[in-house]
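A.B. asks: Protein chains in written order, with the numbering used here: chain H, 1 to 125; chain L, 1 to 122.
Honestly, the hints are just simulated from the structure, not real lab data. Certain hints may be false.
[Claimed, not checked] Lysine to any residue pairs mimicking SDA-like chemistry, simulated, CA-CA at most 25 Å apart:
id : chain 1 : residue 1 : chain 2 : residue 2
1  : L       : K92       : H       : D97
2  : L       : K92       : H       : V28
3  : H       : K15       : L       : Y111
4  : L       : K92       : H       : K15
5  : H       : K15       : H       : D97
6  : H       : K15       : H       : L25
7  : H       : K15       : L       : V84
8  : H       : K15       : H       : A36
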Amino acid sequence: MDNKRPVNLDIGTIKLPITSYVSILHRVSGVVMFFAVAVLLWMLESSLASEQSFNELGALFANPVCQFVIWATLAALAYHLIAGIRHLIMDMGFGEDSFAAGRNSAWAALILAALLISLITWWIL
Amino acid sequence: MVTSVTSFGRSGLSDWMIQRISAWIMTAYVAFMVCYFVGNPELTYAQWAELNSSLAMRMFSLVTILSIAAHAWIGMWCVLTDYVTLRLVGPKATAIRIFFQLGMIAITLLYVVWAIDILWGI
Chain H
1 MDNKRPVNLD IGTIKLPITS YVSILHRVSG VVMFFAVAVL LWMLESSLAS EQSFNELGAL
61 FANPVCQFVI WATLAALAYH LIAGIRHLIM DMGFGEDSFA AGRNSAWAAL ILAALLISLI
121 TWWIL
Chain L
1 MVTSVTSFGR SGLSDWMIQR ISAWIMTAYV AFMVCYFVGN PELTYAQWAE LNSSLAMRMF
61 SLVTILSIAA HAWIGMWCVL TDYVTLRLVG PKATAIRIFF QLGMIAITLL YVVWAIDILW
121 GI
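Hey, can you work out the whole structure from these sequences and the hints?
C.D. replies: Right, here's the structure in full:
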């Protein structure tokens, strides 16, 4: 491929709108989720292998390191889900007709995700 | 049309569609799980094992792990092809990207096999 093509948009040099941050966080949380699937599968396996491992998993939820890993997994999932639902709503034709609508829904997604993550934090602690 | 041998559906439109369908399936699964855990705060092993050994739940979980695999493949491909480029990483970019893409595909397949092993091992 021709690697001398000009770069028209160098995002390192421009001030990014809120929609960019919501999008970048969507990517970051997605990459986190890619690895966090291992955590979810491990929990599924422990919870189903036997009654003993089910109870051991329950006891692990009191461990601060485990609590942090579960918190990070659920927080990334909550953000990624909300940011993703924003796209699905746009796919159905809502809020995709102006930049203002995009900015508003980006803020709404951020606030909703922050609320959900607060709820997750409260539930874990 | 630009095609890529390492993308999931071999075309952007196909990847776009698969990304949406898998997103809806995973959203439904998360919604179900949240409702189930909220509705069963004193969940016992017997209840949990009974739920997950039912055919309907096994199918729901299987379709969800397949959605996760497709969704992750497409998403990770987007991220890798956007950032591990000649411009951002240098002349070894293609080799590094292929290495990470193969690693990503291997982990994705491992997840699918692991999930099937868990679900049919109850």
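A.B. asks: Evaluate each hint against the coordinates.
C.D. replies: Status of the hints after comparison with the structure:
no., hint, verdict
1, L/K92 x H/D97, "violated (41 Å)"
2, L/K92 x H/V28, "holds (24 Å)"
3, H/K15 x L/Y111, "violated (39 Å)"
4, L/K92 x H/K15, "violated (30 Å)"
5, H/K15 x H/D97, "holds (23 Å)"
6, H/K15 x H/L25, "holds (16 Å)"
7, H/K15 x L/V84, "holds (23 Å)"
8, H/K15 x H/A36, "violated (31 Å)"
Violated hints for the displayed structure, listed by number in ascending order: 1, 3, 4 and 8.
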